[in-house]
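Number of protein chains: 2
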Amino acid sequence: MNISTCPFPKIFPSQLEKDDLFFMQHAYNEAINAWNTDEVPVGAVIRFEDQIIATAHNQTRSQKDPTAHAEMIAITIAAKHIGDWRLNECQLYVTKEPCPMCAGATIMSRMRIVHYSFNDPKMGGLGGATSLHDLEMSNHKPTITKGIMEEESKILVQAFFQSQRK
Amino acid sequence: MNISTCPFPKIFPSQLEKDDLFFMQHAYNEAINAWNTDEVPVGAVIRFEDQIIATAHNQTRSQKDPTAHAEMIAITIAAKHIGDWRLNECQLYVTKEPCPMCAGATIMSRMRIVHYSFNDPKMGGLGGATSLHDLEMSNHKPTITKGIMEEESKILVQAFFQSQRK
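For the record, the sequence lines run as chains A and B. The opening position of the first sequence corresponds to residue 0 in numbering that gives the first Met the number 0, with each subsequent residue numbered one higher. The opening position of the second sequence corresponds to residue 0 in numbering that gives the first Met the number 0, with each subsequent residue numbered one higher.
Take these hints with a grain of salt, some might be off.
Any copy, or any two copies together, can satisfy a pair, since identical chains are not distinguished.
Using 25 Å as the maximum straight-line C-alpha spacing, the simulated SDA-like pairs for lysine to any residue come out as follows [what the hints assert, rightly or not]: (1) Lys-9 - Glu-88; (2) Lys-79 - Asp-37; (3) Lys-121 - Thr-142; (4) Lys-63 - Ile-81; (5) Lys-145 - Gln-50; (6) Lys-63 - Lys-79; (7) Lys-145 - Ile-10; (8) Lys-63 - Gly-126; (9) Lys-140 - Pro-120; (10) Lys-9 - Gln-62; (11) Lys-63 - His-139; (12) Lys-121 - His-139; (13) Lys-79 - Glu-135; (14) Lys-9 - Thr-144; (15) Lys-9 - His-139; (16) Lys-63 - Asp-49; (17) Lys-121 - Gly-146.
Read the hints as simulated data drawn from the structure, not as lab findings.
Please put together the full structure from these sequences, using the hints given.
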């Protein structure tokens, strides 16, 4: 197997029901795009009202940029779209619990809700290893949900690292 | 007084002694550049050996991008310069304690040492409000120093916010 080809299929959800699962499925498809470019398969989508205004996947290796995580790129795209650095009416869907950098970016951008698939007890910034959404003196505390597509998103990352070790 | 003109002068340090103060003075000059473009005056410099390989200041307002903090931009520039996302031989000099996003970026980039001028008990990510450099299971724990140009850097930010309130 070529390590740069993801063995998991994309999901094509119905456009008729735009629920949280719909948006997370799009984030999952972005994670598959990441794998197909030899990046750790994490994907992110930003929702404003019922529209997707930004999609992105990890690009740290291809860009040689440690800040090029899916969430960071999506936040920058969304802010350009909105025309304001404040994303207080937006929701982020991401297939893995954000690291401290990305968790911090959800606070700096005043993201209303962050949905993530599976948690990261080692480096998660929104409840896993630390809780940046709940700093005592912070002006902004985003709402957090977890567990949408938890298994699929976790299996994707685990399978990627297994394929890399081969 | 025009709020977009910084009343504090830049510092032009001797090139003969490249100590920590030398690098922080360059970060301070970047903070003045920020003020002069109507941005919160925080500046950052990245050092590799005895060279400055990246300088940047806050650009969140002008770029309408919540991720465009001085430290983030400098890290991206430095990684392009080094040709690798790992900055484990680099040192960051920044005039204010990094927020959680930027503190997280110093960990993701494996920055060797972070020097900051004054601490931020409200939103600082490296000891002020939380300690991201010391997460229990983290693979990377940068060394932190604080206090270089502490007063000057703090006065600059305070004076900027005072000028904004007028």
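Hint-by-hint comparison with the structure:
no. : hint              : result
1   : Lys-9 - Glu-88    : neither (28 Å within a copy, 40 Å between copies)
2   : Lys-79 - Asp-37   : between (27 Å within a copy, 19 Å between copies)
3   : Lys-121 - Thr-142 : both (21 Å within a copy, 20 Å between copies)
4   : Lys-63 - Ile-81   : between (27 Å within a copy, 9 Å between copies)
5   : Lys-145 - Gln-50  : within (21 Å within a copy, 44 Å between copies)
6   : Lys-63 - Lys-79   : both (23 Å within a copy, 7 Å between copies)
7   : Lys-145 - Ile-10  : within (20 Å within a copy, 49 Å between copies)
8   : Lys-63 - Gly-126  : neither (28 Å within a copy, 28 Å between copies)
9   : Lys-140 - Pro-120 : both (20 Å within a copy, 17 Å between copies)
10  : Lys-9 - Gln-62    : within (24 Å within a copy, 34 Å between copies)
11  : Lys-63 - His-139  : between (31 Å within a copy, 18 Å between copies)
12  : Lys-121 - His-139 : both (24 Å within a copy, 12 Å between copies)
13  : Lys-79 - Glu-135  : neither (30 Å within a copy, 36 Å between copies)
14  : Lys-9 - Thr-144   : within (23 Å within a copy, 47 Å between copies)
15  : Lys-9 - His-139   : neither (34 Å within a copy, 34 Å between copies)
16  : Lys-63 - Asp-49   : between (33 Å within a copy, 23 Å between copies)
17  : Lys-121 - Gly-146 : within (17 Å within a copy, 30 Å between copies)
Consistency with the previously given hints fails for numbers 1, 8, 13 and 15, ordered from lowest to highest.
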